[in-house]
Amino acid sequence: MLEFILCIITVLSAILALIQKDLLKAAILTGFSGGALAVLFQILLAPDVALTQAIVGAAIVPVFIALAVKKTQREGS
Amino acid sequence: MAQTQLAILLTSVALIVIGLYSAIFIDNIIKKIIGISFIEEGANLFIVAIGYKAGGVVPILMPGMDTSWFATNAAYPLPFGLVLTSIVIGASTLAVMLALVMVLYRRYGTLSTKVMLSDTAKQEEYNE
Amino acid sequence: MNELIPLMVIVPLMAALLISAFSRFNTATKVFAFVVAICLPIIPIASNYGLHYFGGYAPMLDNVTSVMYHPAITYSFTFLQQIFIAMIGLLTFLVVFVYLTKYRKVSGPYLFLLFLGTAAVTAMLLTDDIFHMFVFFEILALAQVGIVAASSIDYSYEMALKYMVLGSIGSPIMLLGIGFLLALTGSVNVTDIAAAVHNGLVDATSPVFLMSLGLIFFGWLYASGLPPFHTIKSGIYSKAEPHGAALLQSFTVISMISIVLIMFRIYATLPIFEVLIVFFSILAMILGVSLALTQTDFRRMIGFLAVGELGFIGLGIGLGTNFSITAGLFQALNEIIITALLFIGFGAIVEATNEVDTRKLGGLLAYHPKVSIMLLIAGLAMAGVPPLSGFQSKLMLVQASLSCGFPEISILAIMVSIATFVVFVKTFYTMFLKPKPNDLDLEGKEVPRAMIFTMAILLIIVVLFGVYPDLVTSGISNFVGGIL
Numbered sequence: 001m002l003e004f005i006l007c008i009i010t011v012l013s014a015i016l017a018l019i020q021k022d023l024l025k026a027a028i029l030t031g032f033s034g035g036a037l038a039v040l041f042q043i044l045l046a047p048d049v050a051l052t053q054a055i056v057g058a059a060i061v062p063v064f065i066a067l068a069v070k071k072t073q074r075e076g077s
Numbered sequence: 001m002a003q004t005q006l007a008i009l010l011t012s013v014a015l016i017v018i019g020l021y022s023a024i025f026i027d028n029i030i031k032k033i034i035g036i037s038f039i040e041e042g043a044n045l046f047i048v049a050i051g052y053k054a055g056g057v058v059p060i061l062m063p064g065m066d067t068s069w070f071a072t073n074a075a076y077p078l079p080f081g082l083v084l085t086s087i088v089i090g091a092s093t094l095a096v097m098l099a100l101v102m103v104l105y106r107r108y109g110t111l112s113t114k115v116m117l118s119d120t121a122k123q124e125e126y127n128e
Numbered sequence: 001m002n003e004l005i006p007l008m009v010i011v012p013l014m015a016a017l018l019i020s021a022f023s024r025f026n027t028a029t030k031v032f033a034f035v036v037a038i039c040l041p042i043i044p045i046a047s048n049y050g051l052h053y054f055g056g057y058a059p060m061l062d063n064v065t066s067v068m069y070h071p072a073i074t075y076s077f078t079f080l081q082q083i084f085i086a087m088i089g090l091l092t093f094l095v096v097f098v099y100l101t102k103y104r105k106v107s108g109p110y111l112f113l114l115f116l117g118t119a120a121v122t123a124m125l126l127t128d129d130i131f132h133m134f135v136f137f138e139i140l141a142l143a144q145v146g147i148v149a150a151s152s153i154d155y156s157y158e159m160a161l162k163y164m165v166l167g168s169i170g171s172p173i174m175l176l177g178i179g180f181l182l183a184l185t186g187s188v189n190v191t192d193i194a195a196a197v198h199n200g201l202v203d204a205t206s207p208v209f210l211m212s213l214g215l216i217f218f219g220w221l222y223a224s225g226l227p228p229f230h231t232i233k234s235g236i237y238s239k240a241e242p243h244g245a246a247l248l249q250s251f252t253v254i255s256m257i258s259i260v261l262i263m264f265r266i267y268a269t270l271p272i273f274e275v276l277i278v279f280f281s282i283l284a285m286i287l288g289v290s291l292a293l294t295q296t297d298f299r300r301m302i303g304f305l306a307v308g309e310l311g312f313i314g315l316g317i318g319l320g321t322n323f324s325i326t327a328g329l330f331q332a333l334n335e336i337i338i339t340a341l342l343f344i345g346f347g348a349i350v351e352a353t354n355e356v357d358t359r360k361l362g363g364l365l366a367y368h369p370k371v372s373i374m375l376l377i378a379g380l381a382m383a384g385v386p387p388l389s390g391f392q393s394k395l396m397l398v399q400a401s402l403s404c405g406f407p408e409i410s411i412l413a414i415m416v417s418i419a420t421f422v423v424f425v426k427t428f429y430t431m432f433l434k435p436k437p438n439d440l441d442l443e444g445k446e447v448p449r450a451m452i453f454t455m456a457i458l459l460i461i462v463v464l465f466g467v468y469p470d471l472v473t474s475g476i477s478n479f480v481g482g483i484l
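Protein chains in written order, with the working numbering: chain X, 1 to 77; chain V, 1 to 128; chain F, 1 to 484.
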């Protein structure tokens, strides 16, 4: 059951990230998607990949995007 | 248990389609880049799903495990190793793209792809 | 000495890392880069042919099914790899030499990118593992973007970002294709996959197999800049510094042939594979030459001509016989040298005149006779005039397509060659022979000596391959016999 919820969270937060007006919110939602994906990898019996994805997908990528947004502009159409 | 795999495959297809849509149709360059990272995540999820075995165990041989039981029940670890590399590559590509965007923002003052990228050809013609 | 095989990748990779870490020490960096660059062509020539298994995991025989498995990442080193790696090493040496003599203060990150690209293409040529190839394909894309972005030409960042966005759409798609192959065969080793396909373990007509072909083919089109990517590819050549462009086009050619050889070994049983390659190659030939005819920026013109020449390589490989693949690979070798020569030669003209528009140039023959004569010979070699190397490979291609029963293709190839000749002679006339425009100031501007030296060395190779094509064709033919 958990995996279905995680699948839905992943796809939903991906879609929400792309329809946000505020790019900072989009960055945070990208992190949600990456984090849900990390748990999904754990369910798929790949703990090492889950660990990497949790660090890269849920922390590093959103931080990179947020930094880029901070250096440029926050609102995107 | 086949349902799990089906759900995973559908998720990866959905991520790839969302990513492709945003990479082609969305004007904002940062959203385009976010979409590209979704394509990468979808491809990674698909490859991990190849190695998954329903009702299997994590492919790490613990002391005390029976080797032949482990061989028949463990998931296939090769795709997991590949995905590890692929995740890191995706993150570094994203970082380079964002750095280029930051440089270009300083010149154009906007994140719109139409202004930033497509006008290049027009400007060149104008210069000639 | 088989131990040298992994060193071909490790030496440029380590050199790249060291140079970028210690780029504060200018003189030491220069000397170190020069020494490493000299080593690059020497290592493949000194090494013996053979296989290298990383980690020492030799292939295992499954006693039940009597199938060989390759657990390790395998590097296979044969004559084909030797000649191509030696050539790319020589080209890297010349490019680094031109770069080191041009600037007093060298940039560590730029040298890092040059060596990184060389290491990546070397690994792509050597490897027998499709995922290993994908990893270096990504590294190569990053290095190419860096080389373009580091140039001081206007709008180079925009072009780099565009290439990067396209590339990061193309490479996950290729990864997905590799994933399909992995799902079908359970292996990423090309020898294992090819054995599984040929033994009938994989249904060659299944939609998953065809899908994997389509996805990897898309990645190949992006890597080699065939249509629909020809515009962006010629764009990045024109936005890089001339010596960088010379190296970039060789990266393109080598990644093209290394991916297509792997695809050929896996998909050769599918008839649609060869049709696809021939179709896109012919499209590239026609589009490349016809777009080159309309350009006024001569760097852009060479970029499109280089794309057109890529079509000849694809044509040779798509026809699928031993002779035609040999011709295609020989054409690839010639194209690397000739296009590098053209890029460096026209770069020397930019250096001397600060002008890239052919309409504003003229009468350069009297001012730069050496450069113009060498450029003329290179252009004739590209168009396929005897006794230069381009003639030999194009003659082989025409013969191959005739013997395959496609006289239409050989007529088309000859027509494209003639069109290349026309494009080149037109540009040469406007730049070198036409009377000098009054507002063009040419006095007291010299072409760097290092560029003339580089061009002379490349020209010697062009003439050598033109007079003695057997030096390489017999070895390549043996290699092709091994994979067919």
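In case anyone wonders, no lab produced these hints; they're calculated from the structure.
Any given hint could turn out to be false.
Coverage of chain X stretches by chain V, computed from C-beta distances (three or more under 8 Å per stretch; other residues unrestricted) [stated by the list, open to error]: (1) 3-13; (2) 18-28; (3) 35-41; (4) 51-62.
Lysine-lysine pairs mimicking DSSO-like chemistry, simulated, CA-CA at most 30 Å apart [unchecked claim]: (5) F/Lys-360 x F/Lys-426; (6) V/Lys-114 x X/Lys-21; (7) V/Lys-53 x X/Lys-25; (8) F/Lys-30 x F/Lys-105; (9) X/Lys-71 x V/Lys-114; (10) F/Lys-360 x F/Lys-30; (11) F/Lys-436 x F/Lys-370; (12) F/Lys-370 x F/Lys-426; (13) V/Lys-53 x X/Lys-70; (14) F/Lys-445 x F/Lys-426; (15) F/Lys-436 x F/Lys-30; (16) X/Lys-70 x X/Lys-21.
Computed footprint of chain F on chain V, listed as stretches where at least three residues anywhere in the stretch have a Cβ under 8 Å from a Cβ of chain F [unchecked claim]: (17) 30-42; (18) 45-56; (19) 62-76; (20) 100-111.
Just so it is clear, the structure is predicted and the values come from calculations on it, not from any experiment.
Positions of the beta carbon are idealized from the N, C-alpha and C atoms, including for glycine.
Tell me if chain V covers the stretch 3-13 of chain X under the three-residue, 8 Å CB rule, please?
-> Result for this restraint: holds, n = 5.
Can the restraint linking X/Lys-71 and V/Lys-114 be considered satisfied, given a maximum Cα separation of 30 Å?
-> 20 Å, holds
Per the coverage rule (Cβ-Cβ under 8 Å, at least three residues), is the stretch 45-56 of chain V covered by chain F?
-> holds (count 3)
Do the alpha carbons of V/Lys-114 and X/Lys-21 lie within 30 Å of each other, as the hint requires?
-> The hint holds at about 18 Å.
Hinted pair X/Lys-70 and X/Lys-21, Cα distance within 30 Å | 15 Å, holds
If you draw a straight line from the CA of F/Lys-436 to the CA of F/Lys-30, is it 30 Å or shorter?
-> Not OK: F/Lys-436 and F/Lys-30 at ~39 Å, beyond 30 Å, violated.
Below or equal to 30 Å on CA atoms is what counts here, so check F/Lys-436 against F/Lys-370.
-> Satisfied, since the Cα-Cα distance of roughly 18 Å is no more than 30 Å.
Is the Cα-Cα distance between F/Lys-445 and F/Lys-426 30 Å or less?
-> Distance ~25 Å between F/Lys-445 and F/Lys-426 Cα, so the pair holds.
Take the stretch 100-111 of chain V, compare each residue's beta carbon with every beta carbon of chain F, and decide whether three or more fall closer than 8 Å.
-> That given contact holds, which follows from 5 residues of the stretch 100-111 of chain V lying within Cβ reach (below 8 Å) of chain F.
Going straight from one Cα to the other, do V/Lys-53 and X/Lys-70 come out at no more than 30 Å?
-> 43 Å, violated
Decide if the proposed pair is consistent with the structure: F/Lys-360 and F/Lys-30, CA atoms, cutoff 30 Å inclusive.
-> 37 Å, violated
Regarding the pair F/Lys-360 and F/Lys-426, is the alpha-carbon distance no greater than 30 Å?
-> Since the Cα atoms of F/Lys-360 and F/Lys-426 sit roughly 14 Å apart, the hinted pair holds (cutoff 30 Å).
Going down the numbered hints, you'll see the structure goes against 7, 10, 13, 15 and 19, while the others check out.
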